[in-house]
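> The chain contents come next:
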Amino acid sequence: MKLAVLSGKGGTGKTLVSVNLAAVAKNSVYVDCDVEEPNGHLFFKPVEIKKEKVSIKIPVVDEDLCLGCRKCVDFCKFNALAAIINKLIVFDDICHSCGGCIMLCPSHALTEMDKVIGEINSGISEKVKVISGILNTGEASGIPIIKELLSKISAEEKMTVIDCPPGSACIVMESIRDVDYCILVAEPTVFGLHNLALVYQLVKLFNKPHGVVINKWMAGENLIERFCSDNQITVLDKIPFESELGTINSDGEIAAKSEKYYGLFSELLKTVVKEVEHETVTHS
Amino acid sequence: MKIAIPADEKVLASEVCMSFGRAPYFYIYETTTKMGDFIENAAASSPGGAGVKAAQIVVDSHADILITPRCGENAAEVFKATKLEIYKSTLGSIQNNIDAYMDNKLAVLDQFHAGFHGVGGN
Ligand code: SF4
Ligand code: SF4
Chain A
1 MKLAVLSGKG
11 GTGKTLVSVN
21 LAAVAKNSVY
31 VDCDVEEPNG
41 HLFFKPVEIK
51 KEKVSIKIPV
61 VDEDLCLGCR
71 KCVDFCKFNA
81 LAAIINKLIV
91 FDDICHSCGG
101 CIMLCPSHAL
111 TEMDKVIGEI
121 NSGISEKVKV
131 ISGILNTGEA
141 SGIPIIKELL
151 SKISAEEKMT
161 VIDCPPGSAC
171 IVMESIRDVD
181 YCILVAEPTV
191 FGLHNLALVY
201 QLVKLFNKPH
211 GVVINKWMAG
221 ENLIERFCSD
231 NQITVLDKIP
241 FESELGTINS
251 DGEIAAKSEK
261 YYGLFSELLK
271 TVVKEVEHET
281 VTHS
Chain B
1 MKIAIPADEK
11 VLASEVCMSF
21 GRAPYFYIYE
31 TTTKMGDFIE
41 NAAASSPGGA
51 GVKAAQIVVD
61 SHADILITPR
71 CGENAAEVFK
81 ATKLEIYKST
91 LGSIQNNIDA
101 YMDNKLAVLD
111 QFHAGFHGVG
121 GN
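Those sequence lines, one after another, are chains A and B. By UniProt numbering, the letter at position 119 of the first sequence is numbered 119, and the numbering carries on one by one without gaps. By UniProt numbering, the letter at position 96 of the second sequence is numbered 96, and the numbering carries on one by one without gaps.
Just so you know, these hints were derived from the structure itself, not from any lab.
Some chain A residues close to chain B (C-beta under 10 Å, calculated; not the full set):
#	residue
1	Val73
2	Ala80
3	Ala82
4	Ile85
5	Ile94
6	Gly138
Pair ranges (Cβ atoms, derived):
#	chain 1	residue 1	chain 2	residue 2	range
7	A	Leu205	B	Glu40	28 to 36 Å
8	B	Val11	A	Pro106	39 to 47 Å
9	A	Glu112	B	Met1	36 to 44 Å
10	B	Glu85	A	Met218	56 to 64 Å
No more than 25 Å apart at the CA atoms, straight line, and that leaves these computed lysine-lysine pairs for DSS-like:
#	chain 1	residue 1	chain 2	residue 2
11	A	Lys77	B	Lys80
12	B	Lys2	A	Lys87
13	A	Lys216	A	Lys260
14	A	Lys260	A	Lys274
15	A	Lys204	A	Lys147
16	A	Lys87	B	Lys83
17	A	Lys147	A	Lys45
18	A	Lys26	A	Lys238
19	A	Lys127	A	Lys274
20	B	Lys34	B	Lys105
21	B	Lys2	B	Lys34
22	A	Lys127	A	Lys260
23	A	Lys147	A	Lys50
24	A	Lys71	B	Lys80
25	B	Lys80	A	Lys115
26	A	Lys87	B	Lys80
27	A	Lys238	A	Lys216
28	B	Lys88	B	Lys105
Backbone N, C-alpha and C fix where the C-beta goes; we use that ideal spot for every residue, glycine too.
Hey, can you work out the whole structure from these sequences and the hints?
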């Protein structure tokens with residue numbers, strides 16, 4: 001079973017929920033797709049780390065062969081090429097590695113070169129397999145890293161929790177493509193509601209079964225609860241606003257390892273599993 | 001000598017466009033003949049890399065000077081391969097800015113902003 005944990009903005013408890021779900025599931029896999037700021041490993045402190053580089057293919061020009069015909073410049077719809085005083089400049093941070101320019105150059109002046117954009121670290125933390133993607137700073141797109149991360153878990157049978165990048169851009173869509181269920185984490189503030197509405201749009205667009213976890217919940221009138229009932233969204237759980245939980249979390253500890261919070265997260269996991277099973281029944 | 005200025009509209013009284021890559025037009029002014037033309041910026045509507053393409057268009061117009069409120073790192077990289085000089089526009093119309101340049105009143109632009117691509121994660 002593959003679960004994705006999403007939120008419209010970073011710092012809303014997305015990592016808290018994903019880390020603790022993977023921790024209570026025990027024999028599980030935690031995948032950090034938040035490649036610009038992967039921090040799940042800070043909680044798991046995995047050992048036996050294996051590192052792999054992730055690279056993309058970018059064109060390089062052989063100036064002696066280039067005719068200055070500009071066919072490649074006109075072709076590149078990402079505008080990653082410029083021909084200035086008959087010298088071709090490649091902007092690798094805009095290049096999408098489509099390979100088109102290399103194919104069409106009439107004088108074979110362009111060839112592929114590997115450019116490392118980040119890495120994937122895999123390790124073990126007790127019974128949880130921890131896989132994190134890291135995008136080097138300055139690189140435009142983490143999508144190649146996400147694709148690599150997901151290909152690693154495509155045949156995974158164990159409970160897999162994917163900590164998605166914040167927001168609702170292409171990179172998030174990529175991360176939830178193959179999941180069975182999306183967990184949307186939101187805080188009960190006006191901003192929290194706005195951010196929730198954005199990710200909610202996204203999961204609806206992809207037709208993914210989903211439910212909401214309210215973080216920093218306090219008794220009383222609640223914006224998120226109202227939004228959920230108006231839109232008939234399941235509220236999976238409410239994580240209470242408690243300073244104890246905040247302290248555990250900011251100390252980089254896994255809350256579910258304490259008796260008090262183990263129950264909370266294992267209940268959440270049970271609820272989600274039930275939801276997924278229910279979905280499978282109603283959709284087949 | 002040729003001067004290029006990003007323009008919102010095809011009139012000299014128009015303000016200098018706040019964006020370089022996404023400006024609808026460039027005004028190309030020849031200082032010796034004191035004549036100018038508006039050219040279309042084909043990069044304005046491109047989904048990404050507008051700065052690079054707009055810089056290509058400006059270089060292809062044989063401009064020696066660019067007057068613009070801002071300029072991205074990638075466009076600056078294109079210009080670095082040429083002799084083109086970049087000046088920072090001041091408030092006012094395109095005509096005001098040409099006059100200001102001629103009176104040596106414009107400062108060199110040497111701060112370039114990072115690309116906006118990637119934000120939104122394409
Ligand atoms: S298509 Fe090939 S020969 Fe033509 S400008 Fe590009 S690299 Fe040079
Ligand atoms: S590989 Fe594709 S995106 Fe990259 S420069 Fe060539 S045509 Fe443009």
